[in-house]
Amino acid sequence: MRVSDERGFGLILLITLIAIASIFISGTTIFVTNAARETQLKTDRAKAASLAQAGLLQALHNWRVSNASEASRTYSELNATVTGAQGYQTGTQADFAYFTFDSPANAFWSGSNTLAGWTIRNIHSASATPLSNLTVKQAIVSWTPQGNASRRLSRIRLNGTPVYNASAPNGALIPLTGSAAARTLAPGASWTGNNTDLRWSGALPSPVRVTVQWIFQDDSSTVRSRSHSVVYWDGAQANAATATAARPSRHTFSIVATGRVSETTKLPRVLSTVKATVSGNAAGGFMEIIDWDGVDQNLFS
Amino acid sequence: MKKSSAGVTLIELILIIAIGAVVTGGAVRFAVELTRQGIRARDAAVAYNLARLKMAEADAADFSTLTTGNAVLPDEASFPGYDIRREISDVATAAGPITLRRVDIVVDYAGGTFASPLARLITYRHNLVRFGDGA
Numbered sequence: 001m002r003v004s005d006e007r008g009f010g011l012i013l014l015i016t017l018i019a020i021a022s023i024f025i026s027g028t029t030i031f032v033t034n035a036a037r038e039t040q041l042k043t044d045r046a047k048a049a050s051l052a053q054a055g056l057l058q059a060l061h062n063w064r065v066s067n068a069s070e071a072s073r074t075y076s077e078l079n080a081t082v083t084g085a086q087g088y089q090t091g092t093q094a095d096f097a098y099f100t101f102d103s104p105a106n107a108f109w110s111g112s113n114t115l116a117g118w119t120i121r122n123i124h125s126a127s128a129t130p131l132s133n134l135t136v137k138q139a140i141v142s143w144t145p146q147g148n149a150s151r152r153l154s155r156i157r158l159n160g161t162p163v164y165n166a167s168a169p170n171g172a173l174i175p176l177t178g179s180a181a182a183r184t185l186a187p188g189a190s191w192t193g194n195n196t197d198l199r200w201s202g203a204l205p206s207p208v209r210v211t212v213q214w215i216f217q218d219d220s221s222t223v224r225s226r227s228h229s230v231v232y233w234d235g236a237q238a239n240a241a242t243a244t245a246a247r248p249s250r251h252t253f254s255i256v257a258t259g260r261v262s263e264t265t266k267l268p269r270v271l272s273t274v275k276a277t278v279s280g281n282a283a284g285g286f287m288e289i290i291d292w293d294g295v296d297q298n299l300f301s
Numbered sequence: 001m002k003k004s005s006a007g008v009t010l011i012e013l014i015l016i017i018a019i020g021a022v023v024t025g026g027a028v029r030f031a032v033e034l035t036r037q038g039i040r041a042r043d044a045a046v047a048y049n050l051a052r053l054k055m056a057e058a059d060a061a062d063f064s065t066l067t068t069g070n071a072v073l074p075d076e077a078s079f080p081g082y083d084i085r086r087e088i089s090d091v092a093t094a095a096g097p098i099t100l101r102r103v104d105i106v107v108d109y110a111g112g113t114f115a116s117p118l119a120r121l122i123t124y125r126h127n128l129v130r131f132g133d134g135a
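Those protein sequences? They're chains B and W, same order as listed.
Here our numbering is used: the first residue of the first sequence is 1, the next is one more, and so on.
Here our numbering is used: the first residue of the second sequence is 1, the next is one more, and so on.
Honestly, the hints are just simulated from the structure, not real lab data.
Where is the CB? At the ideal position from N, CA and C, for every residue including glycine.
Heads up, some of the hints might be wrong.
To spell it out: a stretch of chain B is covered by chain W in this simulated footprint if at least three of its residues, at any positions, have a beta carbon under 8 Å from a beta carbon of chain W; those stretches are [unchecked claim]:
#1 29-39
#2 78-92
#3 284-291
Pairwise CB distance ranges, derived in the manner of DEER restraints [to be verified]:
#4 Thr-244/B <-> Phe-131/W: 26 to 34 Å
#5 Ala-68/B <-> Val-72/W: 34 to 42 Å
#6 Leu-10/W <-> Ile-23/B: 25 to 33 Å
#7 Ile-98/W <-> Thr-177/B: 36 to 44 Å
#8 Val-295/B <-> Ser-78/W: 25 to 33 Å
#9 Ala-110/W <-> Phe-9/B: 53 to 61 Å
#10 Ala-245/B <-> Asp-90/W: 37 to 45 Å
#11 Asp-219/B <-> Gly-26/W: 51 to 59 Å
Bound-form chain B, shown alone:
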C-alpha cells in the first residue's frame, strides 16, 4: 500500500511547481507592465505640456502678426498636428475677449457708485466659426474693501443695454439677463464708452479694487469658458480725464491651449492644458505672459 500511494506523486509535484511559477511570473509581469505604463504616462505628460506651450505661442504669434496696430489685432482658434500623433489646440470664447481700460476710452468713476468706460473687444478673426461671436452668460464682480455692509451690485450695462438689473452681493455669480444679442459681440466689435458700466446700490469706498470675471456661453460649466479675473480698477476713484495708476494700463486677454499626445492620430491619450493670461502691450513691443496655470489629464491609463 505504501508504494502504491507514491504513484503520480511526481506529476502532482510538477503541476504544483508550475502553478507556483505561474503565480510568480504573473505577478512580475503585472508589476513590470504597470511600471512601464506609468513611465509612458509621465513621458506623455511632459510631451503634452511642451506642446501646450507651443500652441499658446503659436496663437500669440498669429495675433501679433495679424496687424501692426494693437487695436486691430485678431486671431482664431487652432487645431494643429506638430508631429505624428502629437499636436495642440486652442480656442474657447473666453480666449477672444480683450480687456482695455485706457483705449479707446478711459475707465472712470461717476458719482462714486458707477465704474464706466471700460472696454471688452472681440479679437477673434472673422474667418472662423462657430466661435467667432462672443456671448457672455454670467459674471462675478468683486470689490475690496466691501465698505457699507449692505452695498450690492445693482446694474451691468453693455453699450447702454442693461444685462443685469437686481441686487448681487460681493463675489456672487451673477446670471445675466436680456436678449442674447445684447450680450453678444461680433468679431472686431466692442462694448465700450460711457454707457458700458457697473453700478452699485450706493457709493463704494475710495480707494477700491474692483475685479470682474466673465463667463461665456460656449461651455459655462468649465474654467475654459471663463475669462481671467480682470482688475477693472485699483486705487482712488477718479474721473475720465484724470491720469491715474488706478486705471489698469495692461491690455489683457487669456488663452487656453491644450497639448495632446495620442496612441493613434485619432485618440488622445494624454492632454495637458494651460491657461495663460497675456498682457498685449508690454514695454518694447513684447507680449508678456503674466499668469500661467496648467492641468494634466490622462484619458487612458
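We have chain B already, so just place chain W on it with the hints.
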C-alpha cells in the same frame, strides 16, 4: 506491484525533467524580455527627465541664444550614458523680425544616432513673448 510502481516513478521523473525544461526555457526567455522592457522603461524615464531639464533651460534662455540648427549639449555629469541634442528651426517669421521657433530636445543613448531616440520634447519660443512675474 512493487516493480510496476518503481517503473512509473522513473517515467514520471523523465517527464518532469522534460516538461520542466520546456517550461523553464520559456520562463527564462520571458524573464529576459521583461528585464529588457524594464531597462528600456527606466532609461526612457531618465531620458525624459533630462529632456525636461534641458527644455526648462531653453525656456529660460534669452531668445537670441536659440539660434537655428542642431547643437549637441554637454552631458549631464551624473548621466554620462546619454547624449542630448537641441534642434531649433523657424516655424514662422514676419516683419520686424517677428520670429516663432520650434525647439526640440532629443535624448538618446551615448553614441546613439538619434534616429529612434529615447526621448523627444517639442515646444515653441517666440522672440516677442516673455514670461513675466505677474507684477
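For each hint, the structure was consulted:
no. : hint                                : in the structure
1   : 29-39                               : holds (count 5)
2   : 78-92                               : holds (count 3)
3   : 284-291                             : holds (count 7)
4   : Thr-244/B <-> Phe-131/W: 26 to 34 Å : holds, 28 Å
5   : Ala-68/B <-> Val-72/W: 34 to 42 Å   : holds, 39 Å
6   : Leu-10/W <-> Ile-23/B: 25 to 33 Å   : holds, 29 Å
7   : Ile-98/W <-> Thr-177/B: 36 to 44 Å  : holds, 43 Å
8   : Val-295/B <-> Ser-78/W: 25 to 33 Å  : holds, 31 Å
9   : Ala-110/W <-> Phe-9/B: 53 to 61 Å   : holds, 55 Å
10  : Ala-245/B <-> Asp-90/W: 37 to 45 Å  : holds, 39 Å
11  : Asp-219/B <-> Gly-26/W: 51 to 59 Å  : holds, 53 Å
Hint violations for this structure: none, all hints satisfied.
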